[in-house]
Structures are given as C-alpha cells and as structure tokens.
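Protein chains in written order, with our numbering: chain R, 1 to 728; chain E, 729 to 1132.
Every clue listed holds true.
Examples of chain R residues toward chain E, derived with CB under 7 Å:
{"hint": "1", "residue": "Leu264"}
{"hint": "2", "residue": "Tyr268"}
{"hint": "3", "residue": "Ala529"}
{"hint": "4", "residue": "Asn535"}
{"hint": "5", "residue": "Ala536"}
The calculated lysine-lysine pairs, modelled on DSS-like cross-linking and capped at a C-alpha distance of 25 Å, are:
{"hint": "6", "chain 1": "R", "residue 1": "Lys495", "chain 2": "R", "residue 2": "Lys324"}
{"hint": "7", "chain 1": "R", "residue 1": "Lys495", "chain 2": "R", "residue 2": "Lys372"}
{"hint": "8", "chain 1": "R", "residue 1": "Lys538", "chain 2": "E", "residue 2": "Lys954"}
{"hint": "9", "chain 1": "E", "residue 1": "Lys976", "chain 2": "R", "residue 2": "Lys606"}
{"hint": "10", "chain 1": "R", "residue 1": "Lys604", "chain 2": "E", "residue 2": "Lys976"}
{"hint": "11", "chain 1": "R", "residue 1": "Lys606", "chain 2": "E", "residue 2": "Lys954"}
{"hint": "12", "chain 1": "R", "residue 1": "Lys538", "chain 2": "E", "residue 2": "Lys970"}
{"hint": "13", "chain 1": "R", "residue 1": "Lys378", "chain 2": "R", "residue 2": "Lys188"}
{"hint": "14", "chain 1": "R", "residue 1": "Lys467", "chain 2": "R", "residue 2": "Lys604"}
{"hint": "15", "chain 1": "E", "residue 1": "Lys976", "chain 2": "R", "residue 2": "Lys538"}
{"hint": "16", "chain 1": "R", "residue 1": "Lys107", "chain 2": "R", "residue 2": "Lys219"}
{"hint": "17", "chain 1": "R", "residue 1": "Lys383", "chain 2": "R", "residue 2": "Lys188"}
{"hint": "18", "chain 1": "R", "residue 1": "Lys144", "chain 2": "R", "residue 2": "Lys311"}
{"hint": "19", "chain 1": "R", "residue 1": "Lys23", "chain 2": "R", "residue 2": "Lys495"}
{"hint": "20", "chain 1": "R", "residue 1": "Lys7", "chain 2": "R", "residue 2": "Lys58"}
{"hint": "21", "chain 1": "R", "residue 1": "Lys604", "chain 2": "E", "residue 2": "Lys954"}
{"hint": "22", "chain 1": "R", "residue 1": "Lys593", "chain 2": "R", "residue 2": "Lys604"}
{"hint": "23", "chain 1": "E", "residue 1": "Lys1001", "chain 2": "E", "residue 2": "Lys1016"}
{"hint": "24", "chain 1": "R", "residue 1": "Lys110", "chain 2": "R", "residue 2": "Lys98"}
{"hint": "25", "chain 1": "R", "residue 1": "Lys467", "chain 2": "R", "residue 2": "Lys324"}
{"hint": "26", "chain 1": "R", "residue 1": "Lys467", "chain 2": "R", "residue 2": "Lys311"}
Since the hints were made in silico from the structure, they are not lab data.
Glycine is no exception: its CB is placed at the ideal position from the N, C-alpha and C atoms.
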Amino acid sequence: MADFTMKTGDDGVAIITWDVESKSMNVANEQAFMELDGCIEEVLSNDAIKGAVITSGKDSFAGGMDLNVLARMKEDAGEEPAQGLFDGIMKIHHLLRKIERAGMEAKTNKGGKPIAAALPGTAVGIGLEIPLACHRIFASDNPKAKIGLPEIMVGIFPGAGGTTRLAWKLGAMAASPLLLQGKLNDPKKAKAAGVIDEVVDDPVAAAREWVLSEPKIVKPWDEKGYKFPGGAPYHPAGFMTFVGASAMVNANTNGVYPAAKALLSAVYEGAMVPFDTALKIEARWFTNILMNPSSSAMIRSLFLNKEALEKGAVRPDVPDQKVKKVGVMGAGMMGAGIALVSAMAGIEVVLIDQAQESADKGKQYAADFYAKGVSRGKLSQEKMDTNLSRITATTDYEALKGADLIVEAVFEDVGVKAEVTKNVLKVVGEDCIFATNTSTLPITELAKASDKPDQFIGIHFFSPVEKMMLVEIIKGAETGDRAVAKALDYVRQIKKTPIVVNDARFFYANRCIIPYINEGMRMVQEGVAPALIENAAKLVGMPLGPLQLVDETSIDLGVKIAKATKQAMGADYDETVDEILFWMFEEGRLGRKSNSGFYEYDEKGKRQGLWEGLAAHYPVADEQPDLIDVQHRLLMIQSLEAVRALEEDVLMDIREGDVGAILGWGFAPWSGGPLSWLDMIGAAYAVERTGDLTTRFGERFETPALLKDLAANNDSFYGRFQPAVAAE
Amino acid sequence: MTTDAYIYDAVRSPRGKGRKDGALHEVTSARLSIQMLNAIKERNGLEGHAVEDVIWGNVTQVMEQGGCLARTAVLGSDLDESIPGLSINRFCASGMEAVNLAANQVRGGAGHAYIAGGVEMMGRVPMGADGAAIAADPSLAMEQYFVPQGIGADIIATEYGFSRDDADAFAVESQRRAAQAWDENRFEKSIVTVRDQNGLPILAEDEYIRRGTDMQSLGALKAAFKEQGEVMPGFDKVALIKYPHLEKVNHIHHAGNSSGIVDGSAAVLIGSKEYGERMGLKPRARIKYSAKIGSDPTINLTGPVPVTEKMMAETGLKVSDFDLFEVNEAFSSVVLRFMQAFDADHDKINVNGGAIAMGHPLGATGAIIIGTLLDELERQDKELGMATLCVASGMGAATVLERV
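Please model the complete structure; the sequences and the hints are all you need to start from.
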C-alpha cells in the first residue's frame, strides 16, 4: 500500500493523506518522497484541482525521517558519499520548494495553487519541515501533540529546509531555541512562537475552507523587499545577534558539537543570499554534518540503538510481563522516586517502610513532584490525583499481596536486604519477581536470600529516578529469562531506557564512573591545576568535571566505597586516591551536602569557585600538561572499563555499552559512547595511546587484549560486535 | 642594492573626543585627512609629482571613510592629482603599516618618497560599522574562539596576573605624563591645529585628557566587559574553552584604563637620502627596521611581545639598547604585559602618555606614535626608539627609528 494517497473532492480540493502501513507514526523514506512528489505533480497539473491539503491518516502527522535513508544516500554513492548526500538532500529541497512555489510564475508570483498542511497531532523533524514548505499550517487543538525540530538532539540539524525556513520566518533570535535546543511545543505554543498558523478543532476542514478562499500564497521571502527578521548578519541589529549567537553556542556546547556550529553557519550564510541559494547552503552544511563521524555515532547511539533497546532488542523470548502491581521496599529518595515513576506509568504501587511516617514522606515526595508538574501545566490535577491514588504508603507487608514485581530499595547492607527479601517472599505469590535496587552489592550474593534465585534480579536506578533516563538491569548467576523480561517490560512501562548486564563489581555504570572520579583526584595529587581538570572534562563533553561530580555524589560515599572495595580486593587494591579522599573527609569537606568540597558553596548552597585550600595542600605544578593529555586520561579511563566489561561478558551488547554510558552518566554524547569513541579514534591509535598512558601514568591504562586484537585485525567494535538489525 | 628610508617630517591633528559633542565631530574624515596632507605639502615645499603614493591607514572603510579615502583625500588636497592613494587596514596598526610599507617601498627602490599616515573619525564612522566575518560568521568566530578586544585585554590581565590596581595606576600615570607633555609643549613640532574652510581654528589640543585623574576617581568606574563576559552573551566561557587552565576571567578594564575613542589623523613624509638632497630636506631619522606578526587571536592583544622578540632576533638589538619605546595603550594590560615580558623600564615607555590619556584613533595611531617617538628622541637627544602596537585578530607591528 502506498504511503501517500490522494482524493479530490467535488470542491476541487485534493486531500493528500499520509498513512504508512504497519507504523504507528508516519516516517519519511525515499518511497514517501516519491509518492508525495507524484501527488503534488498531479495537483499542479490537473486544472480540475484548485489546491491541496496534506494531512495524515493517523492521530499524529509524522514522527520524522527514517534516518536510514541518509545512510543509504551515502552508501549508494559509493566512492562519493558526500556527493550522494548532497544530491539526495537537494532532491528533497526541490520537492518541498515545488510545494512552496506551487506553480507560481517565477517573476510575478502569479498563479499557483494553495497547499495547506493539516496536522492532527505530533509533527516533528521532516514531519514539520514538509508543513513549513506549505502555505499555511493548521493543527488540531491537541495539547499532547508535539511540534518542533528536535534533530539537534541526535547530533544533526533540520536539513530539509527546516533550518532555513524557520530562520527566515522568525529571525535568528526567535528561531534559536527551536533550532539549537530542539524545543518541542504543543500546538498553542507552536502558534504563539510563530511556527504554525492556526489551532483548530478540525484542521482538515479548516484547511479545506482556507484553500477555497483564494488566499495569498506567496512566501515573504519570495516577494520583493523581503527583510530577514531581526536583521541579516550585516544589518546593525543582526550583526550583534550573530556575534552573540556564535559565542552562546560555543559557550553552551563547549565547542564539541559540530551540528550546532553547522546549523548556525547555514543560517548566517543563508541570510545573505536568495532563498534558493540559502537552501543549497543548508544542504552543503547538512552534508558536512552527515559526513562527520560524531554525527553518525550520535545518530547510531542516541536514536537508532536507544530506540532498539527501548523496543526490547535484548529481551528474551517469553510472554508479556507487563507489571500491574509493584511493591517498593524502602521509601527513601530512591524508593520514593521508583514509586513516583511507577504510578505515573499506571502501575499500582505499594510503598513500604518501617515507620508509617517514613512511608508517608515517600508518598509526599511523589505528591510534591506531581504538584510541580501541575503548576507548570505539564500535568492535570485529575491526573495527579489518579497517580497519587495508585500509591499506597504503608508499613504492612500484607499489602504486597498480588504484587507481580518487588523493587527493594532499602539500606545498602547485605544483612538488611536479606531480611527484607525473606519477609517479602513470605507474603507474595509464587510468580512474583524480586528486584533489588543496589548500586554496589553483588546480585548473586543478594539472591541467596531468595529460595527462587531465578526470579531474583538487580534493577539499578540512577538518582534522581524521575530525571535519569537509564536503568541498569543486572543478571545474577542464576537469574532466569522471565525475570529479565519482567525487568525490561517494567522499564519500558516507566518509559526509561534499559541495559542488561551480568553481575560484577559495580556492574557497568559505576565501574566506569568511579575510575573517572579517581583519575580527576589523582591529577590534583599530581599538581595538575584543578581548573584545567574540570575544564578539560567539560571540553571533552562530560557534563560534570570529576571534582564537581565527587562533590555531588559526596566524599563520604566515596570513602565508603573505597573502604568496601579495599576489603573486597585485598592486596590488589590501589590506594593512591585514598590519600586525597580521606583527607577531604577528615577536613569535613563532604561535597555539596556539607556546603564544602572541592568547590566552595555559598550559604544557599550555590556552587562558587574551586576551593583555594586545595592548592595549599596539593600545590599546582609550574609545568601543566597539555589539554589533550588530561582529556584522554579522563575519557580513556572510562572507555577502557567499557572494553573490559565487554571482555568479561559483563556487557553483552556493545549498543548497551554506548547508550548506557551516555544516558547513565552523560559520557561525552558527541562521541556516541565510549566504544564509539574508540572506533572513532581507531583501535590502532587507541593501542598506541593506552601504551603511552600506561608508561606515563600506570597500569590502569594497560591495553586490553580485545583492543589489541581489533587493532591487529584492522577491525572496530561496531565492525565486529554490531548486532544484526532485526527486520521491523 | 637597498636604499635606506628616512623620515623627513611628521604631523598630527589634536585628538577630539569621538562623540557627538566632540570638537572634531563636525569635521569630515576627508577634510581632516586633507589638512594633514596639506600640512606635509606646505611644510616641505612639495610640488607636482613630489611623492610616489599616499598610503593611508583607516580601519572602518565604509560610508565617508569608504571608496578609497586615500585617493579621495589626495584629490581634495593641494597635492598634485598625479599622486595616487592607497587605503589600507591592519586594524590598530594601519597608520604604522602605512609608514612601514612606504619605507619598504623606498628601500626596495619603488619610488623615492611617500606620504604615509592615517585617519579615523570614530565619532562619525563607528567602530564595527564595516562588519567583520571573524566576529559574526559562525564557521570562523566559533573555530577561532572570537571574543571582543576588551575581553582579550582582561584575559591578558588574568593570565599574567595584573590587578585592577595595577591597571588603574598605569592609567593615572599615563594621564599625568600626557598633561605634563602638553604643559611643556612637547608635541608642538607635530601638532597641526584643525581649522575650518575659513581658516578658523576648531581644535588645537588633545581634547580627551582628564587632568588630575587619580586612583580614587578610576576606582568608581565599573568593569566594562564583565557583563558581556559573564552574562550576555557569555564570552568568558568561550575564553575558558581556549584557556582551560583558567578558572575565570578577571575583568579589570574600564573606560578609564583603556584607550579613548577619539577622532584624529596623522601623516609622515618618508623618502630616500637622495630625495632629501634633491628637495633640500634634512632627514630626521632612519627607519631601521619594521615588522609584523600574527599571534593568538583570542587573547588577541599580546602582539607587541612576539613582534619585539622577532625584532631582537633579526636585528641583534636588545630591549636594553633602546632609549625610548612607544607601546600603544590600547588597554593597560597590553603595556603592563610588554613591560613584564622584557623587564622594561617604565621610565623609557610612553614618556609623554598615550592612548589611555589622549585617545586612539584606530587608523591614525600607528603614525601618531611614530611621530611622538621621533619628537621625543630629538627632545632628549637620544638615538634609538621603537614603536609597537597590538592589533586586533591577533597581530602585532613594530617600527624601529634611529636618529641620523
């Protein structure tokens, strides 16, 4: 069946309906563009047709472009991938420009047929770029619909005219949040922002009426005397805007996201030439970004693989395990957060703590969070009430009866957890899956408290639960498939992204984060300027420098982990960092929680500069390392752990290693993740670099055998381990 | 065979405040330029095709300063129409580059004499009115970490450890020296009173000087670049990307310890020895050496240091060999850095004050400080001097004069 169908009514208005079979949302591919082109040709050439309305057969308009289309443009061009991309993009421009010009005479703008877009719901990416080429956009008054151009979030930018049309429509300043932050709006806000024209109950009817009203259809930029809103780059006001924009984008992205630079360049260069030339310029920059390895890696991890994992790419083949009732043990910050997100997903929640007061406090945490949503207009009062009514805060284990999943989030102590596990299992049914939320304790060990270790699993949430997108699912030695499926189905219900790993010390995320923090502290000990350490981390795309991160997670937690690790590892434990960590602890500088750590904080807890006392204890060396050395130490120490996790079968799928790293602790998103980063720099160079770092800084940088093997075979992680994409 | 190039004469206008109420605001860029050219012509008796070219420094070459102002000024002056004109732009060193270019043309045998100089009517043609891709084009601005010059000056202060007090003290001294220089008529050889078409005087003295400036009066001024650095649009963060060893930028510069925005012009007559003999003119100094360099564009204003290093390497001269320096006072930190880098004696630098006290008419300043240096070498009866400027986008220029 065709993606686009067209029916012309007696009134001469052609209704072009986009409805991709077997997809819940329309997605554009080569076929779709070809068919749309056919419809437009017919509209423009058939005298009986007065105009057209482009709409969708679904409750949304379109979810974007099938990003594989871009990959195919590249591949099909063989030796000339850039030419293939550029030509392919220009083809889309020609189609959209055909809609926009609609048969008008070039010089006089006479003639032409009105073409409107009628959006029943969400319209993002190409799903908005097509409407932007139409002459008027009508959207259904659907507050859940999202309208916008989020391409920047996956490392590219709107490259089918969306960048140019929005900038030329709104000016550089007003278009910035929409283009550079990928801000999505509901229809009313999209109208207020000037992105769409009308919000109505029945967009197709309204659009049809408009088409028949003999409207003016020429776009401002196709008329004489068009002026770029807010001023073109060398208009005095425009000049200040563009100078400021470069600085702001640089400052906000720390200079590591090529897509933001390219987007801004397309707007700047485009604003000084005729519209058709501006589209060509946009296509050149878009090609440039698609040819950038960072963009490919970001698309792969943040779009394709993230989606694959969310859709259950690694789920065992067992029947649906959707959770109906969850028991959350422990109403501390983690437990409360878990209850909060579960209730939002429509799951019945029993939130248990030792004292009723504590349980109530946990429920109140959820209530406060929902109330904030209501006050910001993101949640209705009714929805809030329903969510809250799903949470039962109690001390009574009997309330757990009928729960099909337990998430235990009590104190991090094997004994305490074992007791809770035993008590719960006395109450719940035979089939109930028991999950423990721990960040440090081995799952296999904790599973010993259960008489059904195959139904025991780790579900590691990150704090704060309501904000963090990643959930790490940990299989103990005896964990069975149904438990894994249960955990995955649950994570899908609460709309987070899961990774599944095998049980090993610190699992995956903390295994990588702890050495990152430690590397930062080591450098302080070595006399590296703390500002250089922190800035180097941010300049390589880490959201927080290691010293800020340890302040956030607290020094005492660091001390606790260090002590436990030392106990577990014995003679193999590297004590180097303990010196600075324990010293800070003794100084009472516990991080943000004590308003003093590696940073200073004011009375309100606002972070100030780095603590000057640090330099007194660890003098800053006269000779400072090169930025790239600091950056490579910080990235490599994490990436090597990812490789070792893969070698040791803790990671079972490289996609999880990359997606998990970005969503879990914000590993340099531009790189696509630690394994993508190693592929980007190449195994041969990575071997050379780790060799060098090992010689200069110690054995923790020792080259893993797997990396050596990849280098020896001229291979890459994705070359060797990328799972075959399942047919949709 | 190279010929030496000599300075025969140097003139300059007084500098007027570059504002709507500035004394020179009523004068056009061309008219001010013409008066300098006519002064050179009259003082030296130039007739007919007396010079090979007029090389005119000017930064903001749009509107009345556009359309090759150099040629426009020649045509408007009493010089012969057979003399062409060349407008050039090397930002703040444009006037110096005009002199150096002229000297090097003479040395290379391309004509015996040139008039070189420049003009900038900053109150009439605002700085930046000509646009700049380096600032506005994202593919350049972002890759080069563009920040405005004031931020660059504050980065110098941060990197090299100059405090607000250091900068203010330097500014107070610049004002004191400039006032003293005027009181003792030290500029009288060069100053040409600006007059109207009826010969009526418009401005005879530098207008920008603030006599009696002290630490207290400067202390009241707010740091000028803090807002654009820290808030909107946040240039400091761009600076920290480039200089990650810094934790933050220390904003110390303000209107009182930075160069003044003024209107002004200057011209220098340069020729070979043979030219002087033929014209009956006495050479005042030999242009011993000239140089220009490119340096880090973000910190932007450190050029005087590397260009001086280049000079030392190529001439064998040491900083201690020089009797006097003119280091353009674009910002206090620029000169403080020069003194720090070479452990140079403040008593030999900008002895008659500088652009902080008297102003910095961008395209003219390079020629002005060459004239000031020459006058002072003669007044003190000294031999060797160097003038140097920091230049936007990370450049530097220098001219070494030796009296003959």
